[in-house]
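Q: Chain by chain, the residues run as shown.
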Amino acid sequence: MGRIVLEKVSKYFGDVLVIPSIDLEVEDGDFVVFVGPSGCGKSTLLRLIAGLEDTSGGRILIDDVDVVAEPPAKRGLSMVFQSYALYPHMTVRNNIAFGLKMAGMDKASIDKKVNHAAKILDLGSYIDRRPGQLSGGQRQRVAIGRAIVREPKAFLFDEPLSNLDAALRVQMRLEISDLHNELKTTMIYVTHDQVEAMTLADKIVVLNAGNVEQFGSPLDLYNSPRNKFVAGFIGSPKMNFIEGKHAEKYKVPTVGIRPEHLGINTKQSVGAWIAKVGIAEHLGSDTFLYVDAEDIGQLTVRVSGELNVSHGDIVYLTPDETRLHRFDGDGMTITAAK
Amino acid sequence: MATKQTKTLATFMVAPSVIMLFLWMIVPLCMTIYFSTLRYNLLDPGNEAFVGLENYIYFLTDPDFFTALGNTLILVGSVLFITVVGGVLLAILLDQPFFGQGIARLMVIAPFFVMPTVSALIWKNLLMNPVSGFFAYLAKLVGVEPIDWLGDHALLSIIILVAWQWLPFATLILLTAVGSLDGERKEAAEMDGAGPISLFYYIILPHLARAITVVILIETIFLLSIFAEIFVTTGGGPGLDTTNIAFLVYSQALLQFDIGGASAGGIVAVILANIVAIFLVRMVGKNLDA
Amino acid sequence: MARHITTQRKILVTGGAWLAAFIIFFPVLWMFLTSFKSELDAFSQPPSFLFFEWTTENYATVLERSDYFRFALNSVWLSLGSTALGLLVAVPAAWGMAFSPTKHTRGTLLWMLSTKMMPPVGVLIPIYLIFRDWGLLDTRFGLICILFLMNLPIIIWMLYTYFKDIPMDILEAARMDGATLGKEILYVLMPMAIPGIASTVLLNIILSWNEAFWTLNLTTIDAAPLTAFIASYSSPEGLFWAKLSAASTMAIAPIIILGWFSQKQLVRGLTFGAVK
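Residue numbers (this note's numbering), protein chains in the order written: chain Y, 1 to 338; chain R, 1 to 290; chain C, 1 to 276.
Calculated from the structure, these hints are not laboratory results. Just so it is clear, CB atoms sit at the ideal spot from N, CA and C, and this is done for glycine as well. Fair warning: there could be bad hints in the mix.
No more than 27 Å apart at the CA atoms, straight line, and that leaves these computed lysine-lysine pairs for DSSO-like [what the hints assert, rightly or not]: (1) Y:74 with R:4; (2) C:264 with R:286; (3) C:164 with C:103; (4) C:183 with Y:112; (5) Y:107 with C:264; (6) R:286 with C:164; (7) C:264 with C:164; (8) R:7 with C:264; (9) Y:228 with Y:238; (10) Y:112 with Y:74; (11) R:7 with C:183.
Just a sample of chain C residues kept apart from chain R, beta carbon distances all over 10 Å, derived [unchecked claim]: (12) 53; (13) 195; (14) 198; (15) 201.
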């Protein structure tokens, strides 16, 4: 079991309020990703759950038991750190076994568990080396091995992939996904990378300035962001926000349209907005256009496949009305108008 | 950034050190201040009486005090000058690649590890003895009359001896600092047409400024309390020629048993040291933030 | 290797550096040579450099003196005792300050440093009187305490700067793994900080071994270390130069060797981390 509930959790650092009050329910077996810009409090929130920081208020329940007063080790959670935090003076085997030794488990059981973890993660070939002799990806695996061997109620990941290069990151992402499918243990994962969030999560928590902006499935957040912040944060390239004359047409202060929901026409005068191409990025599978639209300003357009335009060309854009997001003066999504 | 439990634990871990250091420094210091206001002689027990600042007036108007103060300042000043100038030159020299660099460096550093009483006796006897010392031999070699170093130039001899002990310290620290000078910066200056002199003046010296300050401050603190070297070689003499403040306090307390007067002298020494210490602590403090 | 060094320049530097090194090292070397001379050769003018009758007789004589080993043993006791005591108190303190700093940590560290600035003569008298009244004069225990307290700020400072280099994450990982504070320090922090701890220990041994203010003022015979033993040669045994040299060589050899091994780390300790 691994059901984690936060009730009105708050955190001060000195006099600075970094988390005003958060309520959150993570169901057993869920893969939940905390995502947000740097400084939004996502790592702090994770450390509060881990017990590495004290809460300033509120309750943290793990399987319906309040653990706020418990030290980290008593909470039955495992954590994978951004820096991996492997013990450099111990072999891979001892790194993984350390937690079990601390728990006073007998040697035979420890060996069995370590070997099992090594098999799952394919650590066999370097089990007797030290972390200093391993590559980044291998260290990452050891860190995960150390986490799973304790059979925790939940795994906590603190930006575990941010120190890896792009190719390895994709591979490890898949491995973590596999691991979750196999173990079915609750996982809480912190990242600032919204692609990681979208691909890994069952549910995403978008955090901003210590507040939960939205909590929902990845496609929920993509299709119906609750406000301008979530709309702008989820999705790549970012959503275009349009104010002024063209927004007034929809009787709201701001409208948002994703780059992939803009229809484009290079022929004469068919389209709502006229724009001049600034930069065209041809990726083969997609074409990204950064255009300067009349009375609007900078817009990003994503076109599937190849589109033969270049700097200085005039294009005509038409937003997909069903995909248009409307925001009120406070940046909240207006749903009634739909 | 930790839990309250860890913080409480940390306080308990730090506390013993703080308490012990407090007892070790503050309590005796307060006692010294207290003694310094008493008429208190170990040879005349039972007659202790409060005399206010009389000990200070006595100590500070005693011509011996000014002699000792003068000796202290000359000793500290000269040794600082020799070790800093010599240290900079040696550091630059030893930083260049040459054959047997490692061994030569070890030889230069060695005197710092020699215990003060050994250094003092080696210099006093083997080197500076006017009849059989090595310097007497050198003097005869070039045809001059051997010098009675510790007899005729006692303070100078002490300065040479102490400078020899501390030159390795300055060299070692400045060598570390020179080593951290970015090679590309030197090359950039050379590309800009800087010769060796301007390279030294505009690039190397400013880079060393910080290390030099550290050397000066730390040496000053130790040099203000030079004791063993004087104790073993001259015993403060001849006359008062090599008596510094530390030795004067020692002789008042443990040779003349004048606790009150010696305590007043001790407090004067503390004040002198603290003037320097303030600067050092500030500098280290700034470094702590960086 | 971007810089091109001409051979001519290298030879010039080699000559200069070796000359300087030789002059500075000469007193130690001369002492070493003298320790193998007969007393007569030690006094001879002009002195003989290498072509004298080498003898180890001085070493034998010094070692035969019944008290030499007691002095040497005292030196060992004092330096090891004060170092062990120092580590015991300083490791937890440095752990606390490095990994759980509060707004007072900076001030505490600087205050500790400032206690090191206090000239010993400032507290000589009360310490002497306390020692006299408590019967601690000329005892190893008393002197170990003094040396321990004298070097405690340096030990804490050095350990603090070394601990600071250890990522907090790893200690937190140990906490997540269920290690108690004692186990965290013993199994994770200490093994990782071994190089730093080793150089701290070395510096402390060197400083205690060579300390010559308190050892001269607070001991007479029973607890007197080698500093005091050598000082006894200032008179009247100062006449025996060869024996003085032999005794001195034995007194400084272990420390010079230790010092040579740890020269790089010493800079950090001696400057309180101000020069790295």
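Q: Could you run down the list of hints and mark each one as holding or not?
A: Now for the hints, and whether the structure bears them out:
1. Y:74 with R:4: holds (16 Å)
2. C:264 with R:286: holds (23 Å)
3. C:164 with C:103: Status holds; Cα separation ~16 Å.
4. C:183 with Y:112: At roughly 24 Å apart (the allowed maximum being 27 Å), residue 112 (chain Y) and residue 183 (chain C) satisfy the hint.
5. Y:107 with C:264: violated (42 Å)
6. R:286 with C:164: holds (16 Å)
7. C:264 with C:164: The given pair, whose Cα atoms are some 18 Å apart, holds under the 27 Å limit.
8. R:7 with C:264: Outside the cut-off at roughly 33 Å; violated.
9. Y:228 with Y:238: holds (11 Å)
10. Y:112 with Y:74: holds (23 Å)
11. R:7 with C:183: Since the Cα atoms of residue 7 (chain R) and residue 183 (chain C) sit roughly 17 Å apart, the hinted pair holds (cutoff 27 Å).
12. 53: Nearest chain R Cβ is 18 Å from residue 53 (chain C), so the label holds.
13. 195: With a cut-off of 10 Å, residue 195 (chain C) remains clear of chain R, as the shortest Cβ separation is near 17 Å.
14. 198: holds (17 Å)
15. 201: holds (15 Å)
Violated hints, listed in ascending order, are 5 and 8; each of the other numbered hints is respected by the structure.
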